[in-house]
Structure formats: structure tokens, C-alpha cells
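Top to bottom, those sequences are chains E and R. Going by the UniProt record's numbering, the first residue of the first sequence is number 1, and it counts up by one from there. Going by the UniProt record's numbering, the first residue of the second sequence is number 1, and it counts up by one from there.
Take these hints with a grain of salt, some might be off.
Note: identical chains are not told apart, hence a pair may lie in one copy or across any two.
Here are the simulated EDC-like pairs of lysine to aspartate or glutamate, each with C-alpha atoms no more than 20 Å apart in a straight line [claimed, not checked]:
{"no.": "1", "residue 1": "K213", "residue 2": "D172"}
{"no.": "2", "residue 1": "K98", "residue 2": "D166"}
{"no.": "3", "residue 1": "K111", "residue 2": "D166"}
{"no.": "4", "residue 1": "K213", "residue 2": "D94"}
{"no.": "5", "residue 1": "K98", "residue 2": "D82"}
{"no.": "6", "residue 1": "K111", "residue 2": "D94"}
{"no.": "7", "residue 1": "K213", "residue 2": "D166"}
{"no.": "8", "residue 1": "K111", "residue 2": "D151"}
These aren't lab readings, by the way, just hints derived from the structure by calculation.
There are 2 protein chains.
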Amino acid sequence: MTDSLLEGRTVAVLGGTGPQGRGLARRWATAGIPVVIGSRNAERAEAAAAELAEATGGQVSGSDNGGAAQQGDIVVVAVPWDGHKELLEQLAADLAGKVVVDCVNPLGFDKQGAYALPVEEGSALQQATAVLADSTVVGAFHNVSAVLLDDPEVDRVDTDVLVLGDVREATDLVQALADAIPGVRGVYGGRARNAHQVEAFTANLISVNRRYKAHSGLRVTDV
Amino acid sequence: MTDSLLEGRTVAVLGGTGPQGRGLARRWATAGIPVVIGSRNAERAEAAAAELAEATGGQVSGSDNGGAAQQGDIVVVAVPWDGHKELLEQLAADLAGKVVVDCVNPLGFDKQGAYALPVEEGSALQQATAVLADSTVVGAFHNVSAVLLDDPEVDRVDTDVLVLGDVREATDLVQALADAIPGVRGVYGGRARNAHQVEAFTANLISVNRRYKAHSGLRVTDV
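Just need the whole structure built from these sequences, with the hints factored in.
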């Protein structure tokens, strides 16, 4: 059962063939939300969409990222950090007037694990906000385990999703999108200027995963 | 009941008359750990110590920050960000050879709430590590509600404490120090280079507190 805020809305997932994007698409399709999977390669997107439609019984189609950006009412950006800015610049016109949900974590990796990369604009969310002047950009889904999301054997993903942004109507909508995933709760997590640490926090969860052999996530207490 | 790692160790809390420091001191004293409260003003420290000894039945004394640094086997730094570096520079010799636990969040505040301040060294923890070359510096207790810690009516503080650092023996010790507080669990959260986002995350929790009228904290899931 999805929130009425989501009624009649199609969710496009750019980078929807990667583990995070496909995992989110899987969950929303299962929840009855129409999903368009976007990818650089339209054929790969269509193949992933057919597989997810079959697995979930949901309404899933595939397209290149540009087509997905056009078809989505809400557009989720789950692409690698490398190329994030360029992709959004290309799609800015298609994304105008829409709510864009940035899930991207600017991280580097070396032998000691993951670490936060510096971002000129402050965070991936602020970079997206700067590039997409005509969209309403919200940050969310940074800290959710892609492994759990994309595992059809996992019924519930027990974690909170921090939703960041400066426009209340848009953060409420994205909280509903989080709440549509069984086990997940959308929690307002602050303004866009406080997105950097939420993105970077994924590096800490990767350290936790290594130490404890876990697929860790976050819960906010007393809320 | 405290972990054997903590046996025979005295914990000094610099900034122990502030809400965070006093809250931590209260919890450790209640747990039977000998505590020295440090403050810029020795008389204020002694008054706070007498009050806490009375309230908890624990072993609590007070001193200026220098005396506390000398007396503690583990020294917790819970001072304001403004003056953090200077204080540690002054106390570097007293802190040599000890485990120093930095709890400081470099935050600014304005009408829109809290936000992360830039730190030249990357984080308060990395600044402390740079200044205290002869100590083992660990980051912890950044995201725990001072209000809950310092409220004698609150029996349990249900939150995880992320413990950050590059020396396993020291992070294990500080996890035990977290575990000594009823409700709290110490969780290894990564290396010192990933401390910035944990410190800054307190700004997000302050946003959560405003929105939901809560005293929020974190739990790490699947651990």
C-alpha cells in the first residue's frame, strides 16, 4: 500500500541497472509503483526491466537515461559519482519541473577501505542542485544496503532513510517513496547544506560491514 | 558491571561541567568508574564533582583541565570546538602515552539550524591527532544526546556510539567505555579519516530534533 502522495506517479531510476538502482527499482515495482529503469545502454535497461517485471509482477519498463528522465514524474539518480555532473548537465531540460532524488555517494576506495571525496559544491546533492536549477532536488537512499535491496529473498530492509532538502513538499514526497519499501522509514534529515556528511557516512557503514561482516544501515532513535 | 578492559582506570572528562561532559561523567560514575571532572575553573569542577558524587554514589573528583588530564588514564575531550586546538596544545605533555577520546563536533549555528564547519585537518579528531603526537586519539560520543545523558530520570540512553580510530586496542577500550553506559553500545565506525562525517552528522540530528521534537540518536542495523 503506497501513500496517496505517490498516486499516479511514475518513478524513473537513472543508473537503474547498477545494484543500488536496481535494488530500489525492485522494491518500488514490488510496491506497485510504476518504474522506468534508465541506463546508458537502452538494451541493458530493457533486459533489466523485463527481469524485474517478471520477478515482481510490477509495471517496469526500460530506456536510456534520457528517455527515463522524460518518463519519470520522480527521477532517482543512482549513477556512479564519476560522471554524475555530466549526466545531470545533459538531462537538465528533461528534469525541469520534476522532483529529482539524488542517492549518489562521492567515495574513493583504497586498501584501507572507503573514504569521502571532496566535492567542490559541498556534496553530490548540492552539485545536482547547482546543475538542475529548474528541478527540485532532494537527497535520500544514501545509506541503504544495495545488497539487501536487490536480494529478492530479503522481504524487509530494516533501516531508516534520511531525506535531505530545502523544499518541504518534495522531502515529504520522498519520505513517502522511502516508506513504500517494507521495513524502510523515511526520516527528514536536514537541509541540503547538511547532505555531505550523510553521503560520506556510507564510508563508515562500509567500515562497519568489514569489521562485523554485516550489511549495515541506520536507525534514528527517539523518532 | 564494567568491562575488564576498564578495571583500575580513571576517566577524566575535560569540559566536564558542560552538558555533554557532565552527562558522560554522570553515566560513568553511576557505572562505578572513577571519574575526574575537568574545567577551566577548578572550583566549578569541584562543585560539579561533589554534586555528581552525591547523585550517583560514585567516585568523582574535580580539577582544572590540566589536573584532570594528569589524573585520567583515559581522557575524554568534551570542550567547545572554539578553543579545542589551543587546549590540547597546552595539555599535550600531560596527555602523552594516554588514550584521548575526542567527542567534539565542529558546528556552526544560524537561523536555519546547525551546519558543519570546515576543519583544516579534516575533523576535530584529526586535529587532536595532529596536536597530540604522543597520545592515542580515538573519536566517540559525537551523536549522543547531552540532554538524555545528563538527565538523572533517564535510566537508559538507547543509542549506538560510533568509535573511530586507527589503533584497534584503543578503539576496543573506548567501545568498552561506551558499553558501560546502560542502553549504549559502542560500535567500531571506521578510521580517523572518516571522522568528519560522524562529527558533522550531529547537525543532522539537530535538524531531526527540531522537526520531530525528539532527542535523537543513531542505531546501526545488522550489527
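Structure-based check of all given hints:
1. K213 / D172: between (34 Å within a copy, 17 Å between copies)
2. K98 / D166: This pair counts as within: shortest intra-copy Cα distance 15 Å, inter-copy 44 Å.
3. K111 / D166: For K111 and D166, only the inter-copy Cα distance (14 Å) is at most 20 Å; the intra-copy one is 37 Å.
4. K213 / D94: Answer is neither; intra-copy 41 Å and inter-copy 38 Å both fail.
5. K98 / D82: Answer is neither; intra-copy 23 Å and inter-copy 42 Å both fail.
6. K111 / D94: Intra 39 Å, inter 34 Å, cutoff 20 Å: neither.
7. K213 / D166: So K213 and D166 pass the 20 Å test across copies only (19 Å; inside, 36 Å).
8. K111 / D151: Neither, since 27 Å and 43 Å both go past 20 Å.
The structure shown violates the earlier hints numbered 4, 5, 6 and 8.
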